[in-house]
Every structure is written in C-alpha cells, then in structure tokens.
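Colleague: What follows is each chain in one-letter form.
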Amino acid sequence: MTATAPSARLPRADASAVPRPRQRARSSFSLGRALLWVVVGLVLLFLVFPVFVVVPVSFSSAKYLQFPPPGWSLQWYENYFIRPGWVDATFLSIRVALVTTVLATILGTAASLALVRGRFPGRNAINSFMVSPLVVPTIIVAIGVYFFYARVRLVGHPLGLSLAHTALALPFVITNVSATLHGFDERLEYAAMNLGANRWQTFRRVTLPIIRPGVFAGALFAFITSFDELIVALFVSGSGAVTLPRKMWDGLRQEIDPTIAAVSTVLIAFSIVILLSAELLRQRSERTRTATWAAEEEEGLGARE
Amino acid sequence: MTATANREMRGDPDGLGALGARVVFDRIEKRYGAVVAVNDVSLDIAPGEFVTLLGPSGSGKTTTLMMLAGFEIPTAGEIYVDDDPIAAVPPYRRNIGMVFQNYALFPHMTVGENIAFPLQMRRMSRAEIASKTGEVLELVGLPGYEGRYPRQLSGGQQQRVAVARALVFNPRVLLMDEPLGALDKQLRERLQLEIKALHEQLGVTIIYVTHDQEEALIMSDRIAVMNEGLIEQFGQPTDLYDEPATRFVADFIGESNFIDGTLTQHDGATACVDVSGLGELHAPARPGYAAGTVVALTVRPEKIVAAENGSAPGMNAVAGVVEDVVFVGEMRRYVVRMPGGQRLVLKAQNRIGVQNFERGDPIRVCWNVADGRIV
Amino acid sequence: MATLTTEMAAAPREAQSARFAALRRREQWRYLFLLAPALVFLTAFYGYPVASMLMRAFYDPSWGGQNFAPLVEASSTVEVLGLSLPMNVYLRVFWITLQIALVTTVCTLLLGYPVAYALSSISPGRANLLMMLVLIPFWTSILVRSYAWMVLLGQEGIINEALTAAGAIENPIRLLNTRFAVYLGMVHILLPFMILPLYAVMRGIDRNLMRAAGNLGAPPAAVFRRIFLPLSLPGIAAGCLLVFILSLGFYITPQLLGGQRDVMVSMLIQQQVDLLKWGFGSALALVLLVLALVIYLVFTRLLGVERVFGSARA
Numbered sequence: 001m002t003a004t005a006p007s008a009r010l011p012r013a014d015a016s017a018v019p020r021p022r023q024r025a026r027s028s029f030s031l032g033r034a035l036l037w038v039v040v041g042l043v044l045l046f047l048v049f050p051v052f053v054v055v056p057v058s059f060s061s062a063k064y065l066q067f068p069p070p071g072w073s074l075q076w077y078e079n080y081f082i083r084p085g086w087v088d089a090t091f092l093s094i095r096v097a098l099v100t101t102v103l104a105t106i107l108g109t110a111a112s113l114a115l116v117r118g119r120f121p122g123r124n125a126i127n128s129f130m131v132s133p134l135v136v137p138t139i140i141v142a143i144g145v146y147f148f149y150a151r152v153r154l155v156g157h158p159l160g161l162s163l164a165h166t167a168l169a170l171p172f173v174i175t176n177v178s179a180t181l182h183g184f185d186e187r188l189e190y191a192a193m194n195l196g197a198n199r200w201q202t203f204r205r206v207t208l209p210i211i212r213p214g215v216f217a218g219a220l221f222a223f224i225t226s227f228d229e230l231i232v233a234l235f236v237s238g239s240g241a242v243t244l245p246r247k248m249w250d251g252l253r254q255e256i257d258p259t260i261a262a263v264s265t266v267l268i269a270f271s272i273v274i275l276l277s278a279e280l281l282r283q284r285s286e287r288t289r290t291a292t293w294a295a296e297e298e299e300g301l302g303a304r305e
Numbered sequence: 306m307t308a309t310a311n312r313e314m315r316g317d318p319d320g321l322g323a324l325g326a327r328v329v330f331d332r333i334e335k336r337y338g339a340v341v342a343v344n345d346v347s348l349d350i351a352p353g354e355f356v357t358l359l360g361p362s363g364s365g366k367t368t369t370l371m372m373l374a375g376f377e378i379p380t381a382g383e384i385y386v387d388d389d390p391i392a393a394v395p396p397y398r399r400n401i402g403m404v405f406q407n408y409a410l411f412p413h414m415t416v417g418e419n420i421a422f423p424l425q426m427r428r429m430s431r432a433e434i435a436s437k438t439g440e441v442l443e444l445v446g447l448p449g450y451e452g453r454y455p456r457q458l459s460g461g462q463q464q465r466v467a468v469a470r471a472l473v474f475n476p477r478v479l480l481m482d483e484p485l486g487a488l489d490k491q492l493r494e495r496l497q498l499e500i501k502a503l504h505e506q507l508g509v510t511i512i513y514v515t516h517d518q519e520e521a522l523i524m525s526d527r528i529a530v531m532n533e534g535l536i537e538q539f540g541q542p543t544d545l546y547d548e549p550a551t552r553f554v555a556d557f558i559g560e561s562n563f564i565d566g567t568l569t570q571h572d573g574a575t576a577c578v579d580v581s582g583l584g585e586l587h588a589p590a591r592p593g594y595a596a597g598t599v600v601a602l603t604v605r606p607e608k609i610v611a612a613e614n615g616s617a618p619g620m621n622a623v624a625g626v627v628e629d630v631v632f633v634g635e636m637r638r639y640v641v642r643m644p645g646g647q648r649l650v651l652k653a654q655n656r657i658g659v660q661n662f663e664r665g666d667p668i669r670v671c672w673n674v675a676d677g678r679i680v
Numbered sequence: 681m682a683t684l685t686t687e688m689a690a691a692p693r694e695a696q697s698a699r700f701a702a703l704r705r706r707e708q709w710r711y712l713f714l715l716a717p718a719l720v721f722l723t724a725f726y727g728y729p730v731a732s733m734l735m736r737a738f739y740d741p742s743w744g745g746q747n748f749a750p751l752v753e754a755s756s757t758v759e760v761l762g763l764s765l766p767m768n769v770y771l772r773v774f775w776i777t778l779q780i781a782l783v784t785t786v787c788t789l790l791l792g793y794p795v796a797y798a799l800s801s802i803s804p805g806r807a808n809l810l811m812m813l814v815l816i817p818f819w820t821s822i823l824v825r826s827y828a829w830m831v832l833l834g835q836e837g838i839i840n841e842a843l844t845a846a847g848a849i850e851n852p853i854r855l856l857n858t859r860f861a862v863y864l865g866m867v868h869i870l871l872p873f874m875i876l877p878l879y880a881v882m883r884g885i886d887r888n889l890m891r892a893a894g895n896l897g898a899p900p901a902a903v904f905r906r907i908f909l910p911l912s913l914p915g916i917a918a919g920c921l922l923v924f925i926l927s928l929g930f931y932i933t934p935q936l937l938g939g940q941r942d943v944m945v946s947m948l949i950q951q952q953v954d955l956l957k958w959g960f961g962s963a964l965a966l967v968l969l970v971l972a973l974v975i976y977l978v979f980t981r982l983l984g985v986e987r988v989f990g991s992a993r994a
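Residue numbers (the working numbering), protein chains in the order written: chain A, 1 to 305; chain B, 306 to 680; chain C, 681 to 994.
Keep in mind that a hint or two might mislead.
As the list claims (entries may be wrong) - Distance windows between CB atoms, simulated:
id: 1; chain 1: B; residue 1: Asp556; chain 2: C; residue 2: Ala807; range: 22 to 28 Å
id: 2; chain 1: B; residue 1: Arg428; chain 2: A; residue 2: Gly85; range: 55 to 61 Å
id: 3; chain 1: C; residue 1: Ile849; chain 2: A; residue 2: Ala125; range: 55 to 61 Å
id: 4; chain 1: A; residue 1: Pro56; chain 2: C; residue 2: Val720; range: 45 to 51 Å
id: 5; chain 1: A; residue 1: Arg199; chain 2: C; residue 2: Ala731; range: 32 to 38 Å
id: 6; chain 1: B; residue 1: Asn344; chain 2: C; residue 2: Trp709; range: 26 to 32 Å
Stated by the list, open to error - Partner residues are not named here, just some residues of chain C that face chain A (Cβ under 10 Å, in silico):
id: 7; residue: Ala716
id: 8; residue: Gly727
id: 9; residue: Ala731
id: 10; residue: Pro750
id: 11; residue: Leu751
id: 12; residue: Met767
id: 13; residue: Val769
id: 14; residue: Tyr797
id: 15; residue: Pro817
id: 16; residue: Arg825
id: 17; residue: Tyr863
id: 18; residue: Leu936
id: 19; residue: Gly939
id: 20; residue: Gly961
id: 21; residue: Ser962
Since the hints were made in silico from the structure, they are not lab data. This structure is a prediction, so every number in the text was calculated from the model and none was measured. C-beta: ideal position from N, C-alpha, C; glycine also.
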C-alpha cells in the first residue's frame, strides 16, 4: 500500500457542503479584551478608591471636613488617642471580639465536624438553622436580643455583646470549617485510627493540623464580624459597653468629625493586615492540599523512578 | 489498658517477622438501609496466607475490608482474628496494618513522622522509634528518606512509605486497598513482585483488594471473587481460571466464550448441551445440574484450535465462518460465527505451522471436552 | 476451629446484630455531642430571642392588639398592571426596600460579572493579586466605607469640590442624602459578595470547553453566549440571591447616606421600637423575615443554589 492511497480514497473536502465558520478579525477580539480590562479597571477603582479617600482627610489640618486638605496635621490622631472614650472603645471592641472569636471558633468547629461527618436525622435542618443568622436581617436579631437581655440584665455588659456576636459569627466559622472538611480526605483519619490513634489523638494530630487554615479563616471572620458589628451594639451596648463602631456612629450622627477619618484609617490598615494574613493562610492551605493528591497527579514521575 | 492487651497491640515485639494471624469472616452482612452491600460473606483465611478480594466496583469488597479494619460495623455476623471476635472493637485497638487507596499519607508530616506515628501511639521510646523507622525504610528500599514530605516523593515512593508505615508496628494482618491503583503499568508490575517478596519474607497475613484480575492471579494464594455483595467463588487462582463456579467468575477472570444451550443429558461423567442451530456439544458433568436446565457452555479462547478435518473422540468440533481477525502480536484473535448465530472467540499462536485465516474464510474449530465447563 | 464454632454458637445472631446496631447509634451520638454546645448556644442567644420577639407581633397589645392592621389599611391606592392595590406609608417602605434591593442586585451583577470573568481568565496567581483589590473593601468595616462615601458626596465633599474646581458646576449639588447615594454605598459594599461566588463558579469552568466550541466554529461572542454564560449561571444565581437578601436588611448605609424619603424596613422597625410600639415593630420584622425566607426558598428550589453563603460576610 502506498502512502498516497488513503488520501486518494477519502472524498475531497467539499467546501460547499458545510459552510466554514465566519472568520472574525483577530484585532476585534483583542479590542474586546482591552475594553473588558478597562471596565474591570474602573470597577476595581470604584471598589478601592473610596476606601482610601479617608486617608488624606485624616491628616488634614482643617477643623472640619474639607477637600483638598489645606494643610497636614496629626491633630485627629491626637484626638483619637487623647480624647476620652476613643481608646477605651477600641480596647473594649478588641476584648469583645476576642471572646467572640474563641467562643465561635470552638463551638463552630465542633458543630462543623458533626454536620459534615454525622448521618443523623434533621442534620440539614440543623445546618440551615445554624447558618441562618447570615440571612436574617441583623436588626431583627438585635431587637430580639435586646428584649431578651433586658429580662436577664445583660444590656450594657461586654459579655452580652460577645454572646450576641458569637451567634452572628458562628455561621462564618461553620461555613469555612465545613468547606475545609469537605475537601478533607477522610482516609487520613481512617489511617490514623488504623495506626492506633484514638478519636481525640486523631483529631489533634491529623484532622486539626490539616483543617487549620479553615479554622483560622473562620476565626478571622468571627473576629471581624464582632469588631465591626454596629447594629446589635446600638441596642445592647447601653452606656456600659460602648464599642468602637458605636462610638463612631454617635460621632457620625452628630457632626462629621475628622477624628473618625483617623479612626477609619487605623481600621483600614488593620483590615489590610488581616487580609494579608488570610491570604498567607490560603496559600498555606493550598500547599498542604496539593500534597494529598500528589500521588494521583505524578504518575509520570513514578514511571521514571 | 492491661499489660497483655498492651503487648497484644504492639504485636510481636521481637522485630519484623511476626507470623500472620488467621482471619475468619462468619456470615458477615452489611446493609445501608435497604441496600445490601455485603451479603452473608464467610471466609476462613489461614495464617500467613495472601488472599485477594476481587470484584468490580460496588461488589462489596472494600466494605468487607473496611469491616475488618473497623471503619464499618457489620449489621450481622462476626469477624475473628486468631479466635478473637473483633467486629465491635474500635479500629485503633485492632492492630491491623492497612495500606490505603492513594496511601493516605499525612501531608503535614515527614516520611519519618508518618512512620513514627503508629509507634508513638504505642508509646515506644524515642530510640526504639528511630531504629524501627530506619529498619522499615531499609526494608522497603527507601533508606534515609525520613526527612522528606510525602509531596516530595513520586507515586511509587509514596506507595512504599505507605507499606512501611503499615508494617512498622508488626501487625499480624496487613490490609491493602487497591494499593497500586494510582500507578502506571510498569511500576505496578514491579511493585506487585516486591509486595509478594515482602509477604514471603514476613509471613504476615495479607488481605488485598483489587478490581484487576491479572493482579489478583499473579499475587494471591487464594482469591475471593465478589459480585453484588456475595462471594461467587473462593479458591486458588488456577481453580478459578480452570473451573469457574459461575458465569460471572468465568467472565470476570480471563476471557471466556459462552455458548447458550439446554442441558439434554446429564449423567455419568459427560453432559450434553443442545445448542440451537448447532446440535449437541459435550462438557464434563457438574453435580447439581439437572437435564432440561438452560445453561451456558464456557470455554477459554486459547483452548480452541482450528482443525482441518474430522473430529477426534473427546473433542467438540464446530464449523463456522471467520467474521473478524485481529493481529495482537504473539497471536491472532479470531471471531467465528457458528451456525445458529452464536459467536466464538479463539486465539491462535503466531508461529510457523499454524494456518492463518482471513475474514470470510470457512473455518473448523474444536476443543477438548474436558476444557469446557457448564455454568 | 473448635473455639470458633463454640464462640459462634454462644453468640446468637440476633443479639449480636442488636449489639452492633447499638454501636452504630453510639457513633451518631458522638456527633450530637459535638453539635450540642453550638446548638444550645444558638438557641439561647439567637433562636429563642428572635422567636419570642417575633411572637410579640401576635400578642403585644401596643397597637390595639392588631399589629398587622396598619400594614393592610389603605390610605391610598396604587395602580400596578391595571390592578388597584392598597398603599400606605408602611407598605411604601417595603416597596422602597424591594426597589433598592433590586437595583443594587442588578448593578452589582452588571459591575461584578466582567470583573469575575476577567479574573477567572488569567492565571490564579495574578488573579489572587487583583482579588486583593476586591477583598480590601470586603474586609473594611461598613461604617468606614459609608463614612468614606459621606466624605466623597458631601456638600463640601471631594466630588463637589472637584466639579466646582473644574467649572462644571457653580454651586455644590446635592449628592449626599439621596437615593443615588444609597445605591452607590450599597453597590460598593455588596459588590464583593457578587464577585466572589461568580469568580468561584467561573474558575471551575473547564477552559477546554471554550476551546472545543471555538474549534467547532463558534466565534468568541457565540462561545461566551452559548457556553460560558450558561455555565456561569449558578454563580449568577448565588451572587444575586446573596446580594438581594443582604440588601433587604440594610440599615447603616441608608441611614447615613439616604435622604428623608429613603427609609428601608430595618430603619422603620428600629423607629417603631424607639417609639415603644414593640408589637408593630415585631409585625414588620416578621413580614421582612418571611419575605427574605420566601425569596431564599424560591431561589434555592428553582435554581438549586446550595452553599451560597460559603464566603459571605454581612
């Protein structure tokens, strides 16, 4: 058989049989992409610009809001650190948020383990109930908790704030930890038990180290949820537990005081720190996750062994 | 934990070389709601034996293994390891080694830490752990790999670490769940031999799960073929191949021809099968079959030869037409259409003296009556 | 074998099965034990308070025992599709709330989709870098972001100053305390909630499908419309649901950026509580909650959106 034989037997490609796809000029395609990236750039600018607008305002020397600032000064930071209430409110917020974080992380991690692994009746209903604080308008939770606290005398108590914030933060811990658990290869736990580790040892030595990024992410969410929370604080902080958001709210409602710009700048710096640590965590979790399935992906490597 | 239980858990303290344990499944059943995953499985596995649970996915072989490892509790029945009932013992007190599918190496621990893990759980001293870890890595051919992370190893190396981790605490039973499934063919074949050598060296009882029939035939002392939760046949590889108990076994292990027909005469040593359009074929009689039953006569393709003429006594002979020929290298594979429409596959060695046929050629094939089997 | 057979005889099969069943149940109890603390906690500090507050709508007599009456009493009527429906000041607040939520959802989708699309089309490393720009506002307090918009939109805010300086306007225009300001603020705050689920879904789309479509002769526009868009629908559904539901409960932003007429239900509820009309406030809360739940259920049932709230933050 000669090399030309197959092509001879094949019918000639008939240009009229099937219309060829319309050819678009390549330039219009890349023009479209350029346009897309212009839009993306504008949207990203819209997202980021307002956040950083408060930074120059916080260094303004003007006595009230004025733009561009007539001169530079640290007076608003001085206000923040010296004027009564601001620093106290900041520390209170941190304390409340830390208690919330610890409570929500422990309760939420345990609950996630049960919700992801358990096969008991009502599991879906319980899961929906536990993440529902995300969907229920906060004002409703705030008023409900306010009436309840009025009865049990928790209004104006930092602990009351932490408890209410824990309820709001639990869904974040549960969703984050559950997501990590869903990606977790259960055979690793089987392996640990097979090798002689009891349930607690298995959790401590195998499960927790591997789901740690999810737990940390949940804890970060919990902290921020509490630290930034305003609506519940408006109702239950009373006069005894004025948090930073509450203090800022009061300031905003009275007059637009550039001290708030200084506080905001500090908070933005704080969020960026949190964001960066979350990003580092994510990268680390990705590294451990790839390890588990490396075997499946490196078949070629195995052959060259 | 009592002193004896503690010793029990450590297995044989004299080092690698523990003798295998006997494992008995006594009428084990596992249901998930209405679904029966494992149905009345009974197996008696001798100490030091290499037994494979072979079956397609969903046949219940992994569930059976999981019940032995303790990750599933049976709905009925009992499992014994050396006369001790263990079906209700938590997995971490069973002292049974296991190599998992995809190995389940702890990604956050080094190779050394992975292997030390079971020893730490057994509260061994640091010095003891270090020496045992080195020893077992030597055994699997990875000395000095303690400091690496699993992700830095190739698939084959990970597999060996998994074996080392499962053996380091000297279990008397070793379970392997598709341990070579993620590897390419060449490496798989090499590791099959390595595992087999390890088995002979250590004398540990191995229960191996795979869906690869060739792997099962190569490695096992005995094979339990599972299908839909039932054990279809439990026996030595040669028995399974030559005397399959059921059509499923004949089909799943190796390649088989099935000629459907009706049993017309079934007494003495030979059975007659009436095949429509073809006439009568003969096969060795099997107890438990009565005349009139619809059966299949099964025969392996390599037992069939093309014969020029005549039919010798003790042979089945059929005339047909070659419908398809595939050249496979060392042999030719023919599909022959027989009168009545059924097809027969046969394999002819590719060597001088063997006649070659083309598509459409008439052909006459025959096989020894003793090579057929009624299923 | 002798020991085995005696053992087998000694343990009747039924009794043994019952023992195994008990063991399996104990396994499940272990999970309930893990779940119980969170469940009890949430019931005490969330479920019970919210439920008992909502119950006030039925027994609190502050409005003559008829807490829902003001909602259905018509002070005027409104024509919708040829039907004349009752309208009053409270229903109007619900109407405004739905309107704001809808506009916010549509705007976030229109702005978020191109961003998610572009980010999902580049390497994950670079996309993560750009994603920082989405996440910085996401992690910044709503209060701070609302304040930033006050700084931008105020009478002497940056936009007015800039426009005056450029000679486009002579006197500052009213930007703050308008519906427009509410939209700006809410879209800004909720945009990350749209981008994140969209991006997650788009990342999961196999790029080879697009290449296959192109290979089969589809021009880029058709590839997008026939392949990418349908595959990204779960992300659209998840993002829209998330943004819409969160919008319904907004309080801080409309309060700070909106005008007199831009009252949302949350603000109305808070006013009623301030006025000690607890029963009516509870009735409003109940209606708002039912509205949110109905929308949630309709969405999840119709579109099968699960795990919508994986990366949510209110």
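Colleague: Against each hint, give a clear statement of whether it holds in the structure.
Modeller: Results of checking the hints against the structure:
no.	hint	result
1	B:Asp556 x C:Ala807: 22 to 28 Å	50 Å, violated
2	B:Arg428 x A:Gly85: 55 to 61 Å	57 Å, holds
3	C:Ile849 x A:Ala125: 55 to 61 Å	57 Å, holds
4	A:Pro56 x C:Val720: 45 to 51 Å	49 Å, holds
5	A:Arg199 x C:Ala731: 32 to 38 Å	35 Å, holds
6	B:Asn344 x C:Trp709: 26 to 32 Å	28 Å, holds
7	Ala716	9 Å, holds
8	Gly727	7 Å, holds
9	Ala731	8 Å, holds
10	Pro750	18 Å, violated
11	Leu751	16 Å, violated
12	Met767	23 Å, violated
13	Val769	19 Å, violated
14	Tyr797	7 Å, holds
15	Pro817	5 Å, holds
16	Arg825	6 Å, holds
17	Tyr863	12 Å, violated
18	Leu936	6 Å, holds
19	Gly939	15 Å, violated
20	Gly961	7 Å, holds
21	Ser962	8 Å, holds
In summary, the structure is inconsistent with hints 1, 10, 11, 12, 13, 17, 19 from the numbered list given earlier, while agreeing with the others.
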